[in-house]
Structure formats: C-alpha cells, structure tokens
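Visitor: Residue-level listing of the chains:
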Amino acid sequence: MRDAFSGTFRDTFKVSILPFSALIFGIFLLMLLVYFANSIQIFQKEGIEIYTTNKWIASEDPEKEFYGVLAAIYGSIYSSVIAVVIALPLSISFAVFVIDYAPSKLKEWFIIATDIMAGLPTIIYGIWGAFVLVPFLKDFVMYPIYNHLSFIPFFSFEPLSGYSFLSAGVLLGIMVTPFASSIIREAYRMIPFKYREAVFSIGATRYEATKILLSYIKPAIVAGVILAFGRAIGETVAVSLVVGNTFNIHPSLFAPGYTISSLIANQFGNAFIYEYMVSALFAAGLSLFFVGLAVNLLGMYILRRRVHE
Amino acid sequence: MRARKSKDRGAKKIETAIETAIETAIETAIETINLNVYYNSNHVIKSVSLQIPENVVFAIMGPSGCGKSTLLRAFNRLIELQENARVEGDIKLYGRSVFEMNPIEVRRQIGTVFQQVNPFPHLSIYENVAMGLKLNKLVKSKDELNRTVEWALKKAALWDEVKDRLNDFASNLSGGQQQRLCIARALALKPEVLLMDEPTANLDPIATEKIEDLIYELKKEYTIIIVTHSPSQAARVADFVAFLYLGKLIEVGPVEKIFENPAENLTEKYLTGRIG
Ligand SMILES: Nc1ncnc2c1ncn2[C@@H]1O[C@H](COP(=O)(O)OP(=O)(O)O)[C@@H](O)[C@H]1O
Ligand SMILES: [Mg+2]
Numbered sequence: 001m002r003d004a005f006s007g008t009f010r011d012t013f014k015v016s017i018l019p020f021s022a023l024i025f026g027i028f029l030l031m032l033l034v035y036f037a038n039s040i041q042i043f044q045k046e047g048i049e050i051y052t053t054n055k056w057i058a059s060e061d062p063e064k065e066f067y068g069v070l071a072a073i074y075g076s077i078y079s080s081v082i083a084v085v086i087a088l089p090l091s092i093s094f095a096v097f098v099i100d101y102a103p104s105k106l107k108e109w110f111i112i113a114t115d116i117m118a119g120l121p122t123i124i125y126g127i128w129g130a131f132v133l134v135p136f137l138k139d140f141v142m143y144p145i146y147n148h149l150s151f152i153p154f155f156s157f158e159p160l161s162g163y164s165f166l167s168a169g170v171l172l173g174i175m176v177t178p179f180a181s182s183i184i185r186e187a188y189r190m191i192p193f194k195y196r197e198a199v200f201s202i203g204a205t206r207y208e209a210t211k212i213l214l215s216y217i218k219p220a221i222v223a224g225v226i227l228a229f230g231r232a233i234g235e236t237v238a239v240s241l242v243v244g245n246t247f248n249i250h251p252s253l254f255a256p257g258y259t260i261s262s263l264i265a266n267q268f269g270n271a272f273i274y275e276y277m278v279s280a281l282f283a284a285g286l287s288l289f290f291v292g293l294a295v296n297l298l299g300m301y302i303l304r305r306r307v308h309e
Numbered sequence: 310m311r312a313r314k315s316k317d318r319g320a321k322k323i324e325t326a327i328e329t330a331i332e333t334a335i336e337t338a339i340e341t342i343n344l345n346v347y348y349n350s351n352h353v354i355k356s357v358s359l360q361i362p363e364n365v366v367f368a369i370m371g372p373s374g375c376g377k378s379t380l381l382r383a384f385n386r387l388i389e390l391q392e393n394a395r396v397e398g399d400i401k402l403y404g405r406s407v408f409e410m411n412p413i414e415v416r417r418q419i420g421t422v423f424q425q426v427n428p429f430p431h432l433s434i435y436e437n438v439a440m441g442l443k444l445n446k447l448v449k450s451k452d453e454l455n456r457t458v459e460w461a462l463k464k465a466a467l468w469d470e471v472k473d474r475l476n477d478f479a480s481n482l483s484g485g486q487q488q489r490l491c492i493a494r495a496l497a498l499k500p501e502v503l504l505m506d507e508p509t510a511n512l513d514p515i516a517t518e519k520i521e522d523l524i525y526e527l528k529k530e531y532t533i534i535i536v537t538h539s540p541s542q543a544a545r546v547a548d549f550v551a552f553l554y555l556g557k558l559i560e561v562g563p564v565e566k567i568f569e570n571p572a573e574n575l576t577e578k579y580l581t582g583r584i585g
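Taken in sequence, the protein lines are chains W and X.
The numbers in my numbering rise by one with no breaks, and the one at position 128 of the first sequence is 128.
Plus 309 on top of the position in the second sequence (first one is 1) and you've got my numbering.
Hints are computed from structural coordinates only; laboratory data are not their basis.
Wrong hints could be hidden among the right ones.
As the list claims (entries may be wrong) - Where chain W lies over chain X, by a calculated footprint (3+ residues, C-beta under 8 Å): (1) 381–390; (2) 404–418; (3) 429–441.
Computed from a prediction, not measured in an experiment: that's the story for all the values here.
Using N, Cα and C, we set each Cβ at its ideal position, and we do this for glycine too.
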C-alpha cells in the first residue's frame, strides 16, 4: 500500500515538474535558434572566415565590410584559462580552509563573505580592477618579469598600459573563485565521516588526508572548474575595463586583447549602422555556445575516464 | 608488618616469581589506566582500567551506546578527530604511552576496521591496499609494493576473489568483500594490534562467518580487539571478554569464565538478555 502510494506520488510529481523542465529546455533551444538565424547572413557572406580571421573592417559600404573575430575568441579562451588556473588552487584551498581549519565560530562568516563576493555587481570588480589591480600588476608583476624574462614568449610584450590578458585573467580568477569554491566546499563538507576516519586510520597526516579526500570529490572539482570557466568566458563589463579591447593575437600574457563578450558589449551600440555587423556579433556569440559545449564535453570526458580507468 | 614469618616471606617470593613469569610470558599489548572520555560534558568512558594481552582476540561487548566505539577509538587516538572529545588517563601500547607517540605512528601500529564498511569507493582494489603503504613509505620499490599488496589481500582471505580484477573499483565488491578489503588495507601496514568495531554488523550471515574465520586465523599474529553488541559473537570468536555498561567496565576475564560463571549480576543479566 505504502509503496503504491509513494509510487503515485512520485509520478504526479514527475508530471508536474515536466512542463517546467521542458520550458527551460525549450527556451534554450529557441535561443540557440535565434543565434543561428541571425548568424546566417554573415556566414553566407564570409563563411567560416568570421571565426578564422582577425579583421574588423566596419564600413558604410557593405561590400567593404569584413569581420573576423578570431582575436576575440583567442582572448576569451586565453583569459578564461588564466582565470581557471588562478581560481582552482585558490578555491580548493579556501574550501579546505573553511571546512577543516577555520574556527567553527568563523566558518559561517567566511561562507557568507564568499556568497557576498559571488553576488557583487561585476562593475565593482571592473573598476577595482582598472584602478587598483592593473597598475599593481603592471608595476610589481609585469615589468619585473618583462625586464628579466622578455625572451620567453609568454613574457615578451612590453606592458605599456597594463591592460592585458593577464589583468583580465587575474581579475576573472578572483571573480570566479567564490563560485568554484562554493561547489568544492559543499562537496568537501559532505564527504561521509567514515572516509575521513578511514584515511586517518591508515596513518595519513592531515595534509595527506586532505589530498585523498579531494581525490574523492574530483567530480565536484571538475564541475567547479567548468562553472568557473563558463562564468569567466561570459563575463563582460569587468573584463572590458581591463583587457585592453584591442584585436590582437599574441602569446604574451602582458599583451592587450579582446574577448567575445567585451567585443559584443562594446560594438553592439553602433552595430545597427552597418549592414553585417549585427550578424557578425551574433555569430561571435554563437562561438561562445560552442566553446561552452566543448568545455562541458571535456569535463564529461575527464569524469568518464575516471570511471573506466 | 616488617616482622613477617620467614614462611610467609617464602610464599610471597614464590608468588612474585610466578607473577613475573606470567608477565614475561604473556605481554600486555594495550593497557588503559584510569581512562576517561568525555564528549563536551557528557562522560562516556568512566575510569576504565584494562589490560589486553598480546595475540588474543579480546572482545568488548555491551549494549548499544555504552561507549564501545569510543573506547576503541581512544586506543589509537582516532577519537581526536572528534572535536568535542576529551580524553583523560593513559593508554599504553607495549608499555609506551600512546600520548607520547606521534598519532600517525600509533595508527600505523594499531589498525582499524570499521562498522561502516568504508573502502575508498573511488579507488581501485589495489590502490585501497597500497595507499597506506605509500603514505607511510613502507615499501622501497614498485615490486615490493605489489608483493605487499598481494600478501595483505591473501592475509585477508580476499586474494583469490580479486586477483584478476585488482584495478576494478572497490565499490564494485560485495559488502563482505569490501569489509575484507578494509581488513587487508589495515593489515598492509603490518600493525601489532587490529581494532574491529562491529565488523560484521552490516553483513549477511555468510559474510559474517567468513570474517569470523578470518579473525581466528589472524590472532596467531595479531592482537585483535573486537567490539560487538552480540554476546554470541563474543563467545564464538573471543579468548577474553570485557563487558562495558554505561561507560563503566563491569567485568573482564577469559571467555569461558565470563559466560559460564560471571562474577557480576549485571553481566549475567546482559548475557541472559535482560538488559541491553
Ligand atoms: N561525536 C560525538 N559527540 C557527542 N556524543 C557522542 C559522539 N559520539 C558518540 N557519542 C555518545 O557517546 C555515547 C557512546 O557512543 P559509542 O561509543 O558510539 O557507543 P557504542 O559504540 O557502544 O554504541 C553515546 O551516548 C553517544 O551518543
Ligand atoms: Mg559503536
């Protein structure tokens, strides 16, 4: 009887949430469709070159217009990778610190602080980044490294303005750390106590125990990285204040560049003057879908390999 | 007092000699001296003084909540993972206070098998056993590691069942196999003492029997301290039994003595099922 009842209940529940799930999925599909539809014009004109060239020729004469957003795609990925590289160790250590080391009275405060950091309007980070972070990085990080190691391609660009991939990456890293950290922290907190005991029972030190327990929550860490990457690549305002907004494909961390999001934000206002620019910007946006898809597939691949190894 | 008769003195001498002989013949593996454990203000283990001889199966029995797990976790200082726990008194491992030792060293010498079967589910069978060896740098080569893992799995009577699937996830084993894997994980470190906290509580009768047979095998080389809330299990596997009730040590002695002729009323009541 009870089983039958709970079965019915579950079915009813399933039916009642189904429309919402369908709705969300539908909205997503529609959005994708809109992007496709609006990109067609530029694809017909340029083909794949919208993604494979680095040109930005806005002209009154539609014949002369040409848009290639490769530099922005490059900049988006570059700055987001820097962000993840910075955010990953920060968020893992912060998560472990809050759960294992912070005095229990302060624990909640740390968590609230992370939530506030995550919720701050991004313009706040942007202004702080432009006025504090960029000058700081320029004087105390970029120039010292550049002066000594400029023969290495990563450091080969003279950081004249400080606006650069590195500035964008560091700022993004700081911005996405609270998100990655929350996911990792909650997973770390949820590890059943029996595994903690097991680790210590075989003579692990605190540090070793943490390492083993982190390997147990690897799926959450991968999820945290994907989320962080997604947020970093989608971030607009803050990045456009520190990245330099220059069509530039350069290996150096200190070179200025562009990102897709900041490109769209900067160009959208005047795009309607031109014949093809709106379509080009939609196509640029569409590329973010692809990058996001690729990152998620990569994450799934990492997790699957783990199951089969 | 000093003016004893020489006859008495002779008897005393012999007595002391016998005592010394017994002491040297049967070593004490673990000894607790006036041990008290509190969780905050909750007094859970009350002045327990206990001697556990070497190479026996020593059962700690008592009703649920009487402090068996707490007592066991005090032995190798795992209790210190509980932030609210406080331990008073002393615990000696072969005469040496565990509180003067590095807790990591203590846990290496006193292995633990838990009530909640807990191999690391995300690691392979092999890795589960190898982990402790690597952490404690107990092996010098990959080859020695392989041999020790095999040795431990054989000791835990699991080798034959897993030798073809060492890289399979531990979580794919049955409950009983997982528990034997945990035993192998503990044995790999070559501990002197093995603590087992209700190791069969979550297993079916057949798996239980296997573990009990294994305990019988292992006592030749290890001191096994097993916690159980089942008197019949204590009777089956143990050489010595301690009865713990509400945190107090009520009675301790050889298994026949306790079961056939308990000195304490409480023990008798417990064994006949009138408490607990
Ligand atoms: N971490 C803890 N914090 C507070 N009280 C605890 C904790 N662990 C156990 N206790 C209490 O200590 C008593 C003994 O517990 P335990 O040693 O687990 O008993 P047993 O293993 O005999 O069932 C119980 O009353 C239990 O509620
Ligand atoms: Mg218990």
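Visitor: So, for every hint listed, does it hold in this structure?
Guide: Cross-check of the supplied hints:
1. Counting residues of the segment 381–390 of chain X whose beta-carbon sits less than 8 Å from any beta-carbon of chain W gives 3, enough to reach three: the coverage restraint holds.
2. Counting residues of the segment 404–418 of chain X whose CB lies closer than 8 Å to any CB of chain W gives 4, so the stated coverage by that chain holds, three being the minimum.
3. Only when three residues or more bring their CB closer than 8 Å to a CB of chain W does the claim for the segment 429–441 of chain X stand; here the count is 6, and the claim holds.
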